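Protein chains in written order, with the numbering used here: chain H, 1 to 308; chain D, 309 to 654; chain R, 655 to 969.
Hint data in this document are derived by calculation from the structure and do not stem from the laboratory.
This one's a predicted model, so the numbers in the text were calculated from it and none came from an experiment.
Be careful, since some hints might not be right.
[Said to hold, decoys possible] Calculated cross-link-like contacts (lysine-lysine; reagent style BS3-like; alpha-carbon spacing at most 30 Å):
| # | chain 1 | residue 1 | chain 2 | residue 2 |
| --- | --- | --- | --- | --- |
| 1 | D | K451 | H | K223 |
| 2 | D | K455 | H | K223 |
| 3 | D | K319 | H | K223 |
| 4 | H | K223 | D | K407 |
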Amino acid sequence: MGRYVVRRLLMMIPVLLGTTFLIYTMAWAIPGDPFASRCGQRPCSDAFVAAETERLHLDKPLPVQYAYFLGNMAKGDFGTTSNGQTVLEATEKAFPITVKLTVVAITFELVLGIGIGILAALRRGGYLDGFFLFTSLVAISFPSFVIGFVLQYLLGVKLGLFSVTVGSGAPWGDLILPGFVLASLSLAYVLRLTRASLLETLQADHVRTAIAKGLPRGMVLRKHVVRNSLIPVLTYIGADVGALLGGAIVTEGVFNIQGIGGLLYHAMRIRENATVVSVTTLVVLIILLVNLLVDLLYARLDPRIRYE
Amino acid sequence: MFSKKTEELGKPEVDENQPLLRVRDLSVVFRTREGSAQAVNKVDLDLARGQTLAILGESGSGKSVSAKAIMGILDMPPAEITSGTIEFRGKDLLTMPEKERRLYRGQRIAMVFQDALSALNPVYTVGEQIGELFQVHRGLSRKDSKKKAIEMMDRVRIPGAAARVGDYPHQFSGGMRQRIMIAMAIALDPDIIIADEPTTALDVTVQAQIMELLAEMRRETGSGLILITHDLGVVAETADVISVMYAGRTVEHGPAVDVFANPAHPYTVGLMESMPRLTGAGDRLYAIPGLPPSLLNIPAGCPFAPRCPRAEDICRQDPPPPAVQLDGIRYAACHFAEEVVSHGIH
Amino acid sequence: MSEPDSVAALETIEGAPGTPTSSVTEAGKSRTLAGDAWETLRGSWVFWGSLVLIAIFLVMAAWPGLFAHADPRDCQAMRARQEPSGSAWFGYDVQGCDVYARTMYGARASIIVGSLSTLMAMIVGAGIGVYAGFYGGWVDILLSRVTDIFIGIPILLGSIIILSSIPTPPGSDFLNIAKVALAISVLSWPSTARVARSAVIQVKQSDFVAASRALGASQSWMIRKHIIPNAAAPVIVITTISLGGYIGAEATLSFLGIGLQPPVISWGIAINDAAPYIRSTPHMLLFPALFLSLTVLAFIALGDVVREALDPKTM
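Build the full structure now, drawing on both the sequences and the hints.
Below, the structure is given as structure tokens:
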């Protein structure tokens, strides 16, 4: 187990370097004036240009720039927002809210996604199965802001079941609807993956063995079918944490939530692209770290991987 | 403690005076998109205590499907049992409710599968997988069932059983995995062990050890053994009785010695001749020409006729009598069984 | 015999060209697979439904005037946010433009962005995937690591960084559209590359490729004759599915305000403009959202149903 962790960590280094280099290239090394579209409709102020050139050493050759970029990130320097706050400070406040939203979304994926997926697999070919397969296809196809607005309008405005926006401090109750919207896409994938994985495991030889051992049907399903089928599903959900943090931009925008996504959404509205780039860079880094953690946890699920 | 729980523990009661296993007129059909495949066609089988019955045949002959039907682990659908009875000590397993049938699996009839790596669950330790038999059927605690698992692993001679009980299937070699399958099969002291090609997935050197272990376990437990195989060498060493299957039917049945010495069906003759022998080195190996018929479309008449060197017009027109009796204890489904027994096919 | 031409089309995707097609050989098997797939597809209402929808949207993108007679740029503030009526089926938007006309004309931007992104992602992705899979060794290791790096960044976030860093070229609708398509495809080619790579590796290990190698076939001949035709099916499937996804991504970026910019007419922009008024006049948002979602649905459903038909495991 220990060796596996070390190997994963070592393998992560080139990927992390590659990704940050890619981010740097996309954010700053695109040919042309790097400040052409950073500050909304107006040209950037000389002070901002000077500060950023100094911070990122844009006058130096590319490898040096990248080294400084890495160094800045290591020091936690991701730049400043328009109201003078550093990006790190701004996200520190917003991060817990986004985490709460993500927790709600993952709960939906775990409970509804896996639950319905198992049900659909056991009722394969039935009406329920067909209904959920189609519903999940719709959920995959409809962009999340469309689902967000439709549910906000129907459940919030028309039926009054949920509050339309999220109050300050983001109480859990207010996050149910946004959490569901954020989860909708992944929920559909989890459902389909659970169903497919279960159907595959049902055909597995070891399930036949379990039946031949005279185990009760419920136990065969629980212990020898569901347990095995969930490994790829949980892996998917783990990898999905990153996607959820990214998707939060849209959801938090729709429901006016003051999380990281809300921060980005706001910056995009006023076309403050310098802030957009800085915050996005930070979010991508958080996602990479979360994915690494999830990867390490994965080894706990499947004994075949642990001893590889 | 709860009456429901205790009710389900222990072996189901049976009448020891009735024959151990009596299969009559068993037919299994697979319903597929292309049509109905007659996988098993009116098969009879008998097994007595302490006896080893070998079911011999090519893949697709229906031998595995028959075994799964006896075990009650056919996937239905697509499979469907269209006729027959499977009597265990006089009780028909086919008409029994599933709740009751379940208690026979593992306790009265147990099975050893071909590929132990896929037949064992990769995410549980072997101790857990052997132990769960004792938890479910004997109501033992987790701790006690682990002890039992070590005991069983010792019995099938897995070195260092106590240390390896917590290992996962993929950490064992192929031979050791098959020993674990055997340990699971004999754990609850069943009356019948069905071994479905137990050595096919193994190295030749390990095959003999596993067959020896199976034979030994059968002797120790006094159970009956059904050995499904296409390997004549394996059959020659262990079987008391042989059933040869072709295209879903039993084509020959009789004591192993007699069938080996003097086969009564041209297909059996072909099988024997295609077996390599140490004597007569230098002879070309015989191969039965052609392929078995598609089970979707079994020809009228004798299904073996298109490949049979002895076939005459009658073979292509009329199905052979299902069992031509020879010397009182042998049967063959061939128009010319008596001539084949006395003169061979050439 | 009497089956339509699509059977032949599917066979060229699935079957191994140059191998005998008698019913007993291995090649016969893959032929039956394509035949089976077609049988499944022919009876599937999802297949025909999505094809019809896609056809309608393509015509709409090419000739929006066929569907809408009103001018989408004829906007009059006095009729802003009017509800749907007999003269304007979908009502008017914030600026008083005809929502129906703008929805019909919006198809073009979405379809172009989707197709351009798909084209770029497919050329780069399939190229890299085929190259890595075919040559193997360190080429494969290097390209696979590069693919991993690109996959590490969520498409939405990556496109946000790119779009915020490149200024929008003023005055050119096409450059605006191309910029969004580029931003989407920069990070989306890796999924195609992975699919293409594994398909190629699978084909490469098959017996007929080994045989043709043994017969001294040249590499370029093998790539053209064996590898590409056989790797095509999975790549086409993932391309169809992702085309839907890219259209959704364009709308999301435009909705966030950094994708397409006015004066381009697009569903995403329409939804963005309508969002603040969702409580009072939801019609301005619902109609473009409906068309957007149906388009995405059509492509994803088509890809999904074809993939399922081609996958022997699900049958």
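Each hint, compared with the structure:
no.	hint	verdict
1	K451(D) <-> K223(H)	holds (18 Å)
2	K455(D) <-> K223(H)	holds (21 Å)
3	K319(D) <-> K223(H)	holds (23 Å)
4	K223(H) <-> K407(D)	holds (19 Å)
When held up to the earlier numbered hints, the structure conflicts with none and fits them all.
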